[in-house]
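Enquirer: Okay, here's what each chain looks like letter by letter:
2 protein chains.
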Amino acid sequence: MERLPGFRDFYPEPVPARDAWSASVRQHLFAQWRHVAERYGFREYDGPPLEPLELFTVKSGAEIVGQLYNFTDKGGRDVSLRPEMTPTLARMAAAAERQYKKPLKWFAIPQLFRYERQQKGRLREHFQFNADILGEADPAADAELIALLIDSLRALGLTGEDFVVRLSSRTAWQEFFDRGAADRSRAYEFFQVVDKLEREAPETSAQRLDELGFTLAQVREFIERAEPTADLQAILSSLSARNLAAYVKLDYTVIRGLAYYTGTVFEAFDRKGEFRAIAGGGRYDNLLKLISGGKVDLPALGFGMGDVVLTELLRARGRLPAREGALDVFVLVADEAQRTASLGFVQQLREAGSRVEYPMTPAKWDRQFKRALELGATWTAQLLAAANGGAAVRLKALATREEFELPLADALGRIVSRAG
Amino acid sequence: MERLPGFRDFYPEPVPARDAWSASVRQHLFAQWRHVAERYGFREYDGPPLEPLELFTVKSGAEIVGQLYNFTDKGGRDVSLRPEMTPTLARMAAAAERQYKKPLKWFAIPQLFRYERQQKGRLREHFQFNADILGEADPAADAELIALLIDSLRALGLTGEDFVVRLSSRTAWQEFFDRGAADRSRAYEFFQVVDKLEREAPETSAQRLDELGFTLAQVREFIERAEPTADLQAILSSLSARNLAAYVKLDYTVIRGLAYYTGTVFEAFDRKGEFRAIAGGGRYDNLLKLISGGKVDLPALGFGMGDVVLTELLRARGRLPAREGALDVFVLVADEAQRTASLGFVQQLREAGSRVEYPMTPAKWDRQFKRALELGATWTAQLLAAANGGAAVRLKALATREEFELPLADALGRIVSRAG
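Listed in order, the protein sequences are those of chains A and B.
Just so you know, we're using our numbering here: the first sequence kicks off at -2 and counts up by one.
Just so you know, we're using our numbering here: the second sequence kicks off at -2 and counts up by one.
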C-alpha cells in the first residue's frame, strides 16, 4: 500500500529513497526554530489540526473550500484540516487573551494541509514555523519579529550571503494608490497587479494598471525610488541597533498576495534567486477582529516559514547537519560470560546521558566492531573480566583508533565527559 | 467559534482555563521521550497523519471504520486520520527495511485520532510515544524495549513507588488454552474473557469460561501461580542485569485486548491504581506480514504511551516541571537615550544563547521591573550611560535582589554562564 500523493514519510538517516524525507533533519529545524523563538521570549502554543470549516471560510471566503481537506464528521459537523495557523491563533487568542499580559509573543510549528490539484512533486502538507506578536501597534514589534526571522535562518547556518529579507509596506502602496486611483474601491486589484509585476508580461501589467488609472512607468518609478515610510525607517533603525541591517533591504516589489495585510510586509529570499520565498509575513491589524467576530481587536503581525523550501535551500548550501555522532558508545560483548555485567554498564552509561548500543544477541567480535563503525559511534567499550582491582574497560576512540584500559568508573567518566 | 469537541488547545503557561492544556508540558514530554529514545539508540520516523483508509481496515477489519475520522478526498480516495501508528510503521518498513541493518529500533511521537461517541471529557485525539523493534525474535529485544519504557517514565521523574510494569505472555496463555480447550479455534474469545476478569462479574466470567472448557478456579490458579515462560525468565534476567527488576512484576491478568499479540505482553500502571494504563505493548511477530500484504515478514514488538494519562499522573504526583526560569534576562530601558545601545545588548545576549525580553516601547521603570518579575526572569540588566571606561551594566539577580555594576563584557559573561 502506498502513502497518499503529496504526503511525506520521514525516515531515519540515511533516508532510503529519493522521495523520502529525513526525520532528523525535520527535528533539527524544529529544535532550532524553538530555540531561537525562546531566546526572543516567544511562547509556544498549538491547536488541533482539525477545526470547524467555518473558521477558515470566515477569513478567506467560500472559495477556499476547493483547496481544503474538508469533510463532514460522524457527528454531522463540517470540519477541515487546517490550511494555515492564523485562524486557530485568532480563535485561541479570542478565548484567552485577557489572561495574558500584552503584547503576546507566540509561536507554533503546525503541520498544514492544502488539497491542490496534483502537480508533479507538489506537496499537500508542510510544516510551518509561525511567529506572531499580538497587541503592539508600534513598529518596534515589526523590528522584533523581523529580527526573529533573521536569527531563525542564521541559527540554521545561513548567512547574509545566503538570504535577504525584502521589506515593503502596504501603507506606502495604499497611499500611492489613493493619490492616483481612478476608482478607490479597487485597491486590492491594484495590489494583485503589483504582486505579479515580476512574473507577468509587461504589456499585461501595463494594460491592467491603465484600467486602474496608472502607468507602468509610474509604478516602476515608485518601486525604484523606494522611499521608506516612517514605520519602515523605525524598523530599519531598530535592526541597525541590533547589527542586523545587512540582512534586510527595502524592496517595494514585495506586496504579498493576501488581502488582509495592513502595514509592513516582508519576504525572505535566497540571494541567488533559485528558490521560492523562504518565509513571508506582515502586519494584519484588522484580521483578529474579523476572524473572532469582534471578540478580540488587537493589532497584530506575524510570519510563516515552511520546512520544504528551507530544507531544499539548506541542502543546496551544504548546511544540513552532519550525520556523524548519533551514537556515543557501542558496548562490545566479546565474551558472553560478560553479558550480564555489560548490560549493567550499558545501563550506567545511558543513565549518565550517553547514547549507547550493544549487540542484543551473541555475535562475532568483528561483526560487532563493524556495526559500531556503521553506527558512527564515538567509542567502543568492552568490559574485561574483573581482576583483583575490580572491573576494567577497554575503550577505543574510533576516530583515532586510540585504545586505553581503564577501571570501569574512569571509563564511564571519560565517555560521559565527551558525550555532552 | 469553538474548537471541536474532544480536541485540545495547548496554551503558553499559565494556561488560561481548566480545559486548556499546556504547550510547554507537552514539549517537556516530547523532549524527554526523544532524549531517552536516543540514549537507547532508537531512531525517529514519522508518516502522514492522513493515510489510505484501507491501511487501517486491513489490520483491524471494517468494524474499525465506525471509530475513524475517515472521508473521501477531492480526488475520490478513501482516506482516514491515523488512529494508531503501527500500520504506518508497517507500510514504511515494507517500503524500505532492506536498506537498514536489523534490528530496526524506531520511535515516533504521532498525534492519533479516534471518533468515539462523545463521553464527557473523553478526548478524540492524543499524542503517543511509539517505540518498536523490528527484526529480532530473541527476548533480549523484549528486555531492551521494556527497559526503554521504564526509563521513559523515570526520565519524567516517576519512581518505582509511582509505577510498575506488569509483564505477561500470550504464549503462556496460548499453551494453557491449548491444554484444556473444548474448541481450539476459540482462543481469541478466551483471551477476551481473561482480559475482562478484573472488570466483569465472576459469574459472567465463569459462565463464559465454562463454554470454552475451563473453570474460573483453573484460570485463577494459573494467574496466581504465574510461572514465567523461558522468554519471561530471560527478560527478567536482562532487566535484573540493568538493575531494573524492581520496576516490573509478573502478572498474568494482563493479556491485552488486541488480537495480534503473539508473545510477551505488558502494561505500565500507577502503583496506586488511580489511573488507566500508562502504556502498553507486546510482541506482534505476524502483524507486519499481514499489514504489508506479505512484503515484509519480520518479528516485531513495540509499545505505545499516551500523553493524557501520563500528564494526569505527573500532575497528581507533583512531577510536572516548574514554570520558573523561562526567561534569563529582562533588559530594562530606563533612559530612552540608551534604547539603541540596549537593543545591541539584547542582540548580544540572544546570540550567546540567553532568553531575553525588553520593553518594546517606552515604559516607566517600575512597570518594566514588575514585568521582569512576572516573566520569572533570573536577571534584570540595565545599560548605563557609557563613561570613560566604556559601557557598563547594572545587573540584578531577582532571586536575591543582589545588585552589581559591571563592564558590559563582564555582565554578558556573568549572565551567559548562568543561562546554561
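No wet-lab data here; the hints were simulated from the structure.
Values in this document were obtained by computation on a predicted structure and should not be read as measured data.
Be careful, since some hints might not be right.
Identical chains share a label here; the pair holds if one copy fits it or two copies do between them.
Claimed, not checked - In the EDC-like style, the derived pairs of lysine to aspartate or glutamate whose C-alpha atoms are separated by at most 16 Å in a straight line are: (1) Lys99 x Glu10; (2) Lys56 x Asp282; (3) Lys71 x Glu309; (4) Lys98 x Glu309; (5) Lys99 x Glu51; (6) Lys98 x Asp248; (7) Lys361 x Asp207; (8) Lys361 x Asp70; (9) Lys361 x Glu10; (10) Lys393 x Glu224; (11) Lys292 x Glu(-1); (12) Lys56 x Glu81; (13) Lys286 x Glu158; (14) Lys99 x Asp407; (15) Lys193 x Asp248; (16) Lys98 x Asp294; (17) Lys56 x Glu400; (18) Lys393 x Glu41.
Enquirer: So, for every hint listed, does it hold in this structure?
Expert: Hints and how they fare:
1. In this assembly of identical chains, the alpha carbons of Lys99 and Glu10 lie at most 16 Å apart only when taken from different copies (14 Å versus 43 Å within one copy).
2. In this assembly of identical chains, the alpha carbons of Lys56 and Asp282 lie at most 16 Å apart only when taken from the same copy (14 Å versus 50 Å across copies).
3. Taking the closest pair of Cα atoms, Lys71 and Glu309 never come within 16 Å of each other, the shortest separation being 39 Å inside a single copy and 28 Å across copies.
4. Within a single copy, Lys98 and Glu309 get their C-alpha atoms no closer than 38 Å, and across copies no closer than 28 Å, so neither meets the 16 Å cut-off.
5. Neither within a single protomer nor between protomers do Lys99 and Glu51 lie at most 16 Å apart by alpha-carbon distance, with minima of 28 Å and 48 Å respectively.
6. Within a single copy, Lys98 and Asp248 get their C-alpha atoms no closer than 34 Å, and across copies no closer than 51 Å, so neither meets the 16 Å cut-off.
7. Proximity of Lys361 and Asp207 under a CA criterion of 16 Å is satisfied in neither setting, with 80 Å inside one chain copy and 52 Å between copies.
8. In this homomeric assembly, Lys361 and Asp70 never come within 16 Å of each other (Cα to Cα): the closest approach is 56 Å inside a single copy and 52 Å across copies.
9. For the homomeric pair Lys361 and Glu10, neither the shortest alpha-carbon distance inside one copy (26 Å) nor that between copies (53 Å) is at most 16 Å.
10. When the C-alpha separation of Lys393 and Glu224 is checked against a cutoff of 16 Å, the pair qualifies neither within a copy, at 64 Å, nor between copies, at 43 Å.
11. For the homomeric pair Lys292 and Glu(-1), the shortest alpha-carbon distance between copies (12 Å) is at most 16 Å, but the shortest distance inside one copy (45 Å) is not.
12. With identical chains, the CA atoms of Lys56 and Glu81 are at most 16 Å apart within one copy only, with a shortest distance of 11 Å there and 33 Å across copies.
13. In this homomeric assembly, Lys286 and Glu158 never come within 16 Å of each other (Cα to Cα): the closest approach is 39 Å inside a single copy and 51 Å across copies.
14. Taking CA atoms no more than 16 Å apart as the test, Lys99 paired with Asp407 passes in neither setting, with 52 Å inside one copy and 32 Å between copies.
15. Taking identical chains as interchangeable, the C-alpha atoms of Lys193 and Asp248 lie at most 16 Å apart only when both belong to the same chain, with a minimum of 14 Å there against 69 Å between chains.
16. Proximity of Lys98 to Asp294 under the C-alpha cut-off of 16 Å is restricted to the intra-copy arrangement: shortest distance 15 Å within a copy versus 56 Å between copies.
17. For the identical chains of this complex, Lys56 and Glu400 are neighbours neither inside a copy (65 Å) nor across copies (50 Å), given an alpha-carbon limit of 16 Å.
18. For the homomeric pair Lys393 and Glu41, neither the shortest alpha-carbon distance inside one copy (42 Å) nor that between copies (27 Å) is at most 16 Å.
The structure is inconsistent with the numbered hints 3, 4, 5, 6, 7, 8, 9, 10, 13, 14, 17, 18, although it conforms to all the rest.
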